[in-house]
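Using the hints provided, position chain H relative to the given structure of chain Y.
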Amino acid sequence: MNFETTIETGNISTLHVEGKILGNATDAFRKEMELQLQTGRDKLVVDLTSVPLIDSSALGAIVTTLKCCQQSGGKLVLLNPQKAVQEVLEVTQLATVIEIYDTEEAARAAFM
Amino acid sequence: MAETILVVDDDLDILELLKMNLEPEGYNVRTASDGESAVQSACTDPPDLILLDVMMPHKNGFQVIEELKDIEETKNVPVILVTARGQTEDKVRGLDTGADDYITKPFDLREVTARVEAVLGRTRPIKYINPLMRAMGEGFSEKGLEQLAGHLQAAAAIQKKLLPEQAPNIDGFNIATLLQSSTSVSGDFYDFIPLSETQIGIVLGDVKGSGIPAALLMVMIRTALRLLCHEEEAPALILKRINDLVVRDTEADLFATMIYGILDTTSSTFTYSNGGHCYPFHWTQNRDITVLKTGGMLIGAFEEATFTTGTCHLAPGDILAFYTDGITETGTGDSTTSEGSQSTSTSVKSDDEHEDAILTDMFYGGNRLAACLSKNASLSAAALCEAVVEDLARFSGSTQTHDDRALIVIKRDI
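As you go down the protein sequences, you meet chains Y and H in turn.
Number 29 in our numbering belongs to position 29 of the first sequence; there are no gaps in the numbering.
Number 1224 in our numbering belongs to position 224 of the second sequence; there are no gaps in the numbering.
FYI, nobody ran anything at the bench for these hints, they're computed from the structure.
From the three backbone atoms N, C-alpha and C, an ideal C-beta is built for every residue, glycine too.
Please note that a few of the clues may not be correct.
[Stated by the list, open to error] Reference listing, derived: stretches of chain Y covered by chain H, where coverage requires no fewer than 3 residues with Cβ under 8 Å from a Cβ of chain H: (1) 31-44; (2) 54-66.
[Said to hold, decoys possible] With a straight-line Cα cutoff of 25 Å, these simulated SDA-like cross-link-like pairs (lysine to any residue) come out: (3) Lys1105/H x Leu1195/H; (4) Lys83/Y x Gly1366/H; (5) Lys67/Y x Phe1281/H; (6) Lys83/Y x Phe1281/H; (7) Lys67/Y x Leu1216/H; (8) Lys31/Y x Ile1212/H; (9) Lys1293/H x Tyr101/Y; (10) Lys67/Y x Thr1306/H.
Okay, chain Y solo, but in the shape it has when bound (with noise of 0.2 Å):
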């Protein structure tokens, strides 16, 4: 798994991740998120594009954050999740608490 984030106008944070969530990568992507909210950015994109697979820990790490932003009143949404990906949001129902858009466009749209 590698990932890169961009922070963008509205300094809404976009983290594109690609490759497997599992395992030992799961904690660099909880410590990226984390990062972003310690420097006080709690707009998060998470980019799941190019995501073929993320295990339950990423998955507590998705909701870990994403209830931090929302204390502090902001927000985490995942953009473009594959089918695998997509199949454990529904089966946990946590596409009913998370917003999941398709293209950048909106995911940016949603902070707007």
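For chain H alone, kept in the frame of chain Y given last:
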């Protein structure tokens, strides 16, 4: 993560030989050719084990050990001494100085690997607790460590006791369970709770997260469920109340998924709700598998979660199967947890089907489980569990498991 071994010898051929021998075993190997650079290397980035030659110019092996034992970062790093044959005095002195084991030259490479693995096996549990010990300061002694290990064992024992030893005998139904734990304390759990002469509560769950916090959450959920199932009737309401309880009392990244339902033997129905857990399978006599999707959100993360109750009627010969994701996420060669840092170079978007095929090949998945159940539907519940275990072993090429696996099979008698 691969463990790192620091190999120290002034003979470069031996260094190379040991490196070539240990690396294929999955260890990272660093080398140092004298005592001074060995101490430096160990201090800069403490390895998991040091393989240390005694006879070296300038600073010999004993001196290296003595120095390392005086340094906070390295004092607990295990050391295997390499001594010349017959130097009994060296061995005694080495063990006195604090070496964990010794090997005599000339050595058999297989012996080296075996001793390395044995010493690492002994010291591995301690290594993980070391940072904790440091954080807790001097007060956290070896005695404290023993206590902690004792508590862990006690926790595992309590947890095992909480799990029913065998599935209940119920008139008209045949029930079997399977639980394989990857660690001493497990995240997967199940329980059977007699509610009346004709009703039994059944739960299967998976606590996410690991270690003691996850085990505590499991115990909390199980206890809450045992109390609540006599107060409330609707499974959805019970899950809702457990969710409220867990949200209030735990950290956000600790959560669980679970299915709770009531099997009624007079009406042959299973009335259930699902808190974000893998959808159960219902195999019917006309050879269909229905996926039961009624339920709600995973347990313990959100206050506003809602849950729905569903009912499923079991005809004679019908099978219900509940499982945890440790089964469906079993990988080929069980590589599910070892790959994390690779990135895919293929374009996922333009090649969806290809990616699907890769995932299907990589993981056991729900479809294989459903197929295995269908194929063996004529067997007893216990034999069905066995069939799944065998199918998993065939698929992964291993009987070992990296994740907890649990399975409950309920079959109505014909």
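Hints, one by one, checked against the model:
no.: 1; hint: 31-44; verdict: violated (count 0)
no.: 2; hint: 54-66; verdict: holds (count 8)
no.: 3; hint: Lys1105/H x Leu1195/H; verdict: violated, 68 Å
no.: 4; hint: Lys83/Y x Gly1366/H; verdict: holds, 14 Å
no.: 5; hint: Lys67/Y x Phe1281/H; verdict: violated, 32 Å
no.: 6; hint: Lys83/Y x Phe1281/H; verdict: holds, 20 Å
no.: 7; hint: Lys67/Y x Leu1216/H; verdict: holds, 22 Å
no.: 8; hint: Lys31/Y x Ile1212/H; verdict: holds, 22 Å
no.: 9; hint: Lys1293/H x Tyr101/Y; verdict: holds, 24 Å
no.: 10; hint: Lys67/Y x Thr1306/H; verdict: holds, 17 Å
Violated hints, in rising order: 1, 3 and 5; the structure is consistent with all others.
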